[in-house]
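Peer 1: Spelled out from the first residue to the last, the chains are:
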Amino acid sequence: TLKDGTNWEQNEEIPRLPGETRVTDKDVIYMCPFNGPVKGRVYITNYRLYLRSAENDPVVILNVPLGVISRIEKMGGASSRGENSYGLDITCKDMRNLRFALKQEGHSRRDIFEVLTKYAFPQSHNLLFFAFLNEEKFSENGWMVYTPMSEYRRQGLPNERWRVTFINEHYGLCDTYPSLLVVPYNATDDDLKKVAAFRSRNRIPVLSWIHPETQAVIMRCSQPLVGMSGKRNKDDERYLDIIREANGQISKLTIYDARPNVNAVANKATGGGYEGEDAYPNAELFFLDIHNIHVMRESLKKLKDIVYPNVEESHWLSSLESTHWLEHIKLVLTGAIQVADKVSSGRSSVVVHCSDGWDRTAQLTSLAMLMLDSYYRTIEGFEVLVQKEWISFGHKFASRIGHGDKNHADADRSPIFLQFIDCVWQMSKQFPTAFEFNEQFLITILDHLYSCRFGTFLYNSEALREKEKVTEKTLSLWSLVNSEKAKYTNPFYTKELNRALYPVASMRHLELWVNYYIRWNPRIREQQPNPVEQRYMELLALRDDYMRRLEELQITNNSKISNSSASSASPSQMMSQVQTHF
Amino acid sequence: FSLQEIHIKEPIEKQVNPHLLPGELLLCEANTVYKYIQEDGSNRGTYGKLVCTNFKIAFLDDESASDDNEPQLKNKIVGENDITLQCVDQIYGVYDEKKKLLTGQLRKYPEKLIIYCKDLRVFHFCLRYTKEEEVKRIVSGIVHHSQTPKLLKRLFLFSYASAAPSNTDGRNQTMMFDTLEDWRDELERTKGNVKYKAVTINEGYRVSEKLPLYFVVPICVSEENILKYEGRGIPIWCWSCHNGAALLKMSAFPKEQDDSTSQTQKAFLDGIYKTISKAPYELLKTDDLSSSLPSLQDIQTAYTRFKQLFLIDNSSDFWTTDVKWFSLLESTNWLEIIRRVLKKAIEVAECLERQHTNVLLIEESATDLCCVISTLVQVMMDSYSRTKSGFQSLIQEEWAIGGHGFFDHCSHLHKSDKEEAPVFLLLLNCVWQLVQQYPPAFEFTETYLTVLSDSLYVPIFSTFFFNSQHQKDTNTSGESFKTQSGPFRFLTVWDWSVQFDPKAQAFLNNPFYAEKPKPDKSQRKTTRFKHQRQLSLPLTTTKSSTKRGFFREETDHFIKNILGKRIGKLINSSDEPPNSFREFYDSWHSKPVDYHGLLLPRIDGPEIKVWAQRYLRWIPEAQLHGGGTIATAAKILDLMEEVQSLQVKMDEEHCQAVSGDVHSVPLLRNSARLSSLFPFALLQRQSVKPALPTSTWKDLEVEDDLVKRDDEFVDLTSDMP
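From first to last, the protein sequence lines are chains A and B. Letter by letter, the first sequence follows residues 1 to 582 in UniProt numbering. Letter by letter, the second sequence follows residues 1 to 721 in UniProt numbering.
Where hints are given, some of them may not hold.
[What the hints assert, rightly or not] Computed cross-link-like contacts, DMTMM-like style, restricted to lysine to aspartate or glutamate with a CA-CA straight-line distance of at most 25 Å:
| no. | chain 1 | residue 1 | chain 2 | residue 2 |
| --- | --- | --- | --- | --- |
| 1 | B | Lys108 | B | Glu80 |
| 2 | B | Lys344 | A | Glu213 |
| 3 | A | Lys268 | B | Glu607 |
| 4 | B | Lys708 | A | Glu298 |
| 5 | A | Lys304 | B | Glu336 |
| 6 | A | Lys302 | B | Asp705 |
| 7 | B | Lys708 | A | Asp289 |
| 8 | A | Lys301 | B | Asp705 |
| 9 | B | Lys324 | A | Glu313 |
| 10 | A | Lys487 | B | Asp638 |
| 11 | A | Lys429 | B | Asp638 |
| 12 | B | Lys689 | A | Glu284 |
| 13 | B | Lys649 | A | Asp545 |
| 14 | B | Lys324 | A | Glu312 |
| 15 | B | Lys307 | B | Asp604 |
| 16 | B | Lys649 | A | Glu538 |
| 17 | A | Lys39 | B | Glu583 |
| 18 | A | Lys302 | B | Asp604 |
| 19 | A | Lys268 | B | Asp705 |
| 20 | B | Lys591 | A | Glu439 |
| 21 | B | Lys307 | A | Glu511 |
| 22 | B | Lys609 | A | Glu511 |
| 23 | A | Lys304 | B | Glu607 |
| 24 | B | Lys516 | A | Glu538 |
| 25 | B | Lys609 | A | Glu533 |
| 26 | B | Lys689 | A | Asp289 |
| 27 | A | Lys193 | A | Glu237 |
| 28 | B | Lys324 | A | Glu511 |
| 29 | A | Lys268 | B | Glu712 |
| 30 | B | Lys609 | A | Glu313 |
| 31 | A | Lys302 | B | Glu583 |
| 32 | B | Lys649 | A | Glu298 |
| 33 | A | Lys304 | B | Asp705 |
| 34 | B | Lys516 | A | Glu533 |
| 35 | A | Lys231 | B | Glu712 |
| 36 | A | Lys485 | A | Glu151 |
| 37 | B | Lys689 | A | Glu213 |
Derived from the structure by calculation, the hints contain no laboratory data.
Make a model of the complete structure from these sequences and hints.
Peer 2: Right under this line is the structure:
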């Protein structure tokens, strides 16, 4: 079994998933940026690009799901001179580039270029995503992980102040929201419709999370349609007031606008804006200064420049700083901490929005929930969190990732979800015992964010997923994960209920996630397995062994068999064996 | 003795008296001094008495540590609110909200005193409620005793040693290298005794006062030669690799104006090189560290800037510097120096291990960068140096006895501030990089390194307070010092029981340490394990006559470089492919790590980190409640404890005696809530309120057009009803 769980059947040259079919293969030279040119054969299937080197010592293998490909370019022409100057240059979404050199004679690359383009960008060629062809079987069904009703019930909802509404059952109120929503008990469905008219894309404030003690809530929505003329909407104003009153603890409602102040103001020109003091006297508004999707995309691009293929040698720190990547992480975390702290110790309900409420808003609400609710720090809880705050509330995965789409320069693409996972990693790094999942879990999520092997991240909204029958026709990523939970489990996890976990959003503690961003570089790779983790696992095994043997001994002693077993070694001997065993 | 008394609450008698060590004298004191708990603008703090003795500055309050927040790593000599005079870095006075550095004579007395310590603590004392005469006395007292030059004999070390009964721990396993036997044992351990010998020629410091009483040189080097230039130009042995290649160091000749002198020196060196290039010696490579590494001045400048980043006055200071943290760090150059030093150590290791050549490190004094590189190479190549006693022996050999100028470089008595250079700290920072990259390879913890760095400023141990063995000897045997009780002896820092009780000492032992298998205890010291990695490397054959011939031809050319413009940039560059370092590094890193074999630090940009425990430990904003590496360590320690108690139970069931081989495990009360700053700071934040940046960066100049855009451009005005 390979790293990604695929089975390698006998007599096969390459590993294949059930439902995966071979399309073509060709002799190429893989221009490895670390070890120089490698002769090998590349195989293309409807799911992956697979390269195996001709040499066996060391054997070089590339195993790349076509979904990670962002761009395929031809390099050199038929008349190009110089060794290995003719071939293909492939840009990937996962922080690497692949370059293959081909023979110049007889248009040798035309065929492979066309096949690759076709299968890497199925959307642009009227083909199905591989997820719809995948015939894998898993012991767990990941689609069962998240059912909105049971998640709200887990939070103690509905209750006397909050109700579940089916107004969006057929996505009639808002086509980018899920069908089931939780709203204040005192707001009628009619009220909701009126509020929807005043919120960008009808994304009205709805409940994301309720604090079990303070009953303060985290609400999410899009910007109000204030516009240049400073329009007001009585229904929206009243609705926010109802939200404020629902927990009955504090006089003001806190609104966090994720954007920088200037951007929020600028949005007025296109009909958007923010909640003004005059219209919402019972609300306090704060801007969290998180930048837009374009800034984040450029920042990641710069980060790639300094880590791939080679890590910037001199001035590493200032180069890292100039990408602003960690600075953005810091701002997102800082915003989420503020949201969480306001709900927890401020005992005040909060409303979070940005422009449309599906990028920065999702980051803030999900991170704040992760800080406040230890359930989301378990493997299943985290799956629920992603499923709920990201997938069901219409983070536009298809547009942000560009699944199967050849338009690599699309301005809609942006690493917003990656940034969220990075924030989670930063938290897990700061609190190594607080999360049930390990780093591999986060990396696996990111790998399949692009791979198109699972239906989980496909399409922009629940409405579209329903239309495409994603849950019927594809598998969930959580099926893979939950069938092999041990692989994704952090051995140091210590279950702690209801402890708010605030990371320190200081550059002194934020680190570049080397194991993700620089994982292709053999020079940087960290030691696997982690020696400290290994030591802990050994001790755990030893403890279990001792407990078992102690039990046995007690049974033996109790039954008064005087000849104690001579077979077992003295326990103190065992201890020293373990200490030396590495 | 102990400091317990200070912490006993005396509700009836308000008067608190400082606990004094033997030989410690109270010099001045001031009452109703207000010490801020932390300068976060909240002005929280406690009233107490500020005293200055000939050993320390101490703040005594009545609300001293109760049992609950008694530090687990309590230092018996230096309390939480004690600052030894040598630990004081800078003192500032605050006059009308303005900070002014206090150095010598004072005309005006400040309303607030800020003391920055070398162990990076920052104390804020408010003197507004103190009587004027007391302010004058305490401020000038503190400034005078901690900031102005003194004679060596005024060091507390001497008062303490003459007053305290000497009861050094005899069971200490550390080799002190003050006897001929220690050198011979080390030669034997490393199998260096075939080609190298320990010499007694410096007894009575006949050769040089800078050299130790005993040292090791190649067998073929004559006493006459050693004596000729006071030991200069003589290769001195540091360590022998398992393949016989040796690491040597040499004190270079100073630049000579006079041509005939330099000609004589050239001839002398020529002779020396000829001698040690004959069989059985390996091909020799030289490395002039004074030209291939940053100068002591660079190191001092870098560290001065670096430490400033951690001496934080208040919360807004913290967040202001956070905005440009990485470029601030980079501008200090400290991490880059660490990287270069580690890289140099890898280069030397490559020569020894793979090229099987002797390496001769050259430096003006051979007691600064030579010590750093030699120590690092041994830590990387010899797993014995990664045990606690092995590391301590190494520090004794290379630094304390080796003649590193601790007294001058630490500027302990401000006699020679120009000489100040944190060379030893640089070493500890480099070793820390290895410790954090390969935790199972070290018997000691980063906490050990941190308390070791703190011990640099505790003047009851002689280890870090002299420039040379000669200086120490002359100052102990002199007429002026006689003790009432028995022989005059200094304590060594390696006797950790002086500073820490056994429970606290447990924090110095690494629970992740992968102990070396001990097949036979009697052979333990001398058994050499073949490094796993070494087997896979292309080794040069042991005796290559062609190479030796090559060396002879090169000698003349080489010697030309040695004189005049210091020692040239070596044969190194001319006779090996430039990529051999990279190849060695990459090939080692592509294989699994053998924690008892050769260990190479990873030195790419992202791998060199800030030693957070040492530098961030007193900063409340940097504290993670229930987080940090201590969280996992605590889990392991708890589990070890559980395993041990199970073991005891099983032994009881077996009716056997409990094994004495069990390591003590520190008990971590409430371990899930330990702060990442554990076991150091006991900063208790009022609530679990998260630390929030008070200043964040908002400006993106370059991509201005992008910044102004919205996520997706849609004109919403048309949608409006």
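Peer 1: A separate judgement is required for each hint: does it hold in the structure or not?
Peer 2: These are the hints, each one checked on the structure:
This hinted pair does not check out: B/Lys108 and B/Glu80 have alpha carbons roughly 29 Å apart, beyond 25 Å. Among the hinted pairs, B/Lys344 with A/Glu213 is inconsistent with the structure: their alpha-carbon atoms are about 58 Å apart, more than 25 Å. Restraint check: the Cα-Cα separation between A/Lys268 and B/Glu607 comes to about 46 Å, which exceeds 25 Å; the hinted pair is violated. Distance restraint check for B/Lys708 and A/Glu298: the Cα-Cα separation of roughly 14 Å lies within the 25 Å cut-off, and the hinted pair is therefore satisfied.
For the proposed pair A/Lys304 and B/Glu336, the alpha carbon gap of about 22 Å is at most 25 Å, so the pair holds. For the proposed pair A/Lys302 and B/Asp705, the alpha carbon gap of about 17 Å is at most 25 Å, so the pair holds. Only pairs whose Cα atoms come within 25 Å are accepted, and B/Lys708 paired with A/Asp289 is accepted, the gap being roughly 12 Å. Between A/Lys301 and B/Asp705 the CA atoms are separated by roughly 17 Å; this keeps the pair inside 25 Å, and the hint holds.
About 20 Å separates the Cα atoms of B/Lys324 and A/Glu313, which keeps this hinted pair within 25 Å; it holds. Between A/Lys487 and B/Asp638, the direct Cα distance comes to roughly 24 Å. Compliance with the 25 Å bound is thereby established for this hinted pair. Note on A/Lys429 and B/Asp638: the hinted pairing holds, with a Cα-Cα distance of about 20 Å set against a maximum of 25 Å. Annotation: proposed proximity of B/Lys689 to A/Glu284 holds, straight-line Cα distance about 20 Å (limit 25 Å).
Note on B/Lys649 and A/Asp545: the hinted pairing holds, with a Cα-Cα distance of about 13 Å set against a maximum of 25 Å. This hinted pair checks out: B/Lys324 and A/Glu312 have alpha carbons roughly 19 Å apart, not beyond 25 Å. Only pairs whose Cα atoms come within 25 Å are accepted, and B/Lys307 paired with B/Asp604 is accepted, the gap being roughly 23 Å. Annotation: proposed proximity of B/Lys649 to A/Glu538 holds, straight-line Cα distance about 20 Å (limit 25 Å).
In summary, the hint linking A/Lys39 to B/Glu583 is supported, as the alpha carbons are separated by about 21 Å, within the 25 Å threshold. Among the hinted pairs, A/Lys302 with B/Asp604 is consistent with the structure: their alpha-carbon atoms are about 18 Å apart, no more than 25 Å. Distance check on the hinted pair: A/Lys268 and B/Asp705 sit about 18 Å apart at the alpha-carbon level, within 25 Å; holds. A threshold of 25 Å between alpha carbons decides the hint, and for B/Lys591 with A/Glu439 the separation of about 22 Å falls inside it, so the pair holds.
About 20 Å separates the Cα atoms of B/Lys307 and A/Glu511, which keeps this hinted pair within 25 Å; it holds. A threshold of 25 Å between alpha carbons decides the hint, and for B/Lys609 with A/Glu511 the separation of about 10 Å falls inside it, so the pair holds. Restraint check for A/Lys304 and B/Glu607: the C-alpha separation of about 17 Å stays at or below 25 Å, so the hint holds. At roughly 16 Å between alpha-carbon atoms, B/Lys516 and A/Glu538 fall within 25 Å of each other, so this suggested pair holds.
The suggested pairing of B/Lys609 with A/Glu533 holds, with an alpha-carbon distance near 21 Å, which does not exceed 25 Å. Distance hint between B/Lys689 and A/Asp289 is fulfilled; the C-alpha atoms sit about 21 Å from each other, no more than 25 Å. A distance of roughly 14 Å separates the Cα atoms of A/Lys193 and A/Glu237; the hinted pair therefore holds under the 25 Å criterion. Between B/Lys324 and A/Glu511 the CA atoms are separated by roughly 14 Å; this keeps the pair inside 25 Å, and the hint holds.
At roughly 14 Å between alpha-carbon atoms, A/Lys268 and B/Glu712 fall within 25 Å of each other, so this suggested pair holds. Among the hinted pairs, B/Lys609 with A/Glu313 is consistent with the structure: their alpha-carbon atoms are about 15 Å apart, no more than 25 Å. With a CA separation close to 29 Å, the supplied pair A/Lys302 and B/Glu583 exceeds the 25 Å bound. The suggested pairing of B/Lys649 with A/Glu298 is violated, with an alpha-carbon distance near 61 Å, which exceeds 25 Å.
At most 25 Å may separate the alpha-carbon atoms for a hinted pair to count; A/Lys304 and B/Asp705 meet this at roughly 21 Å. Taken as a hint, the B/Lys516 and A/Glu533 pair is honoured in the structure, with Cα atoms around 19 Å apart against an allowance of 25 Å. Distance restraint check for A/Lys231 and B/Glu712: the Cα-Cα separation of roughly 22 Å lies within the 25 Å cut-off, and the hinted pair is therefore satisfied. As the CA atoms of A/Lys485 and A/Glu151 are separated by approximately 21 Å, the hinted pair is consistent with the 25 Å bound.
Between the alpha carbons of B/Lys689 and A/Glu213 the distance comes to roughly 17 Å, so the proposed pair stays at or under 25 Å and holds.
The structure shown violates the earlier hints numbered 1, 2, 3, 31, 32.
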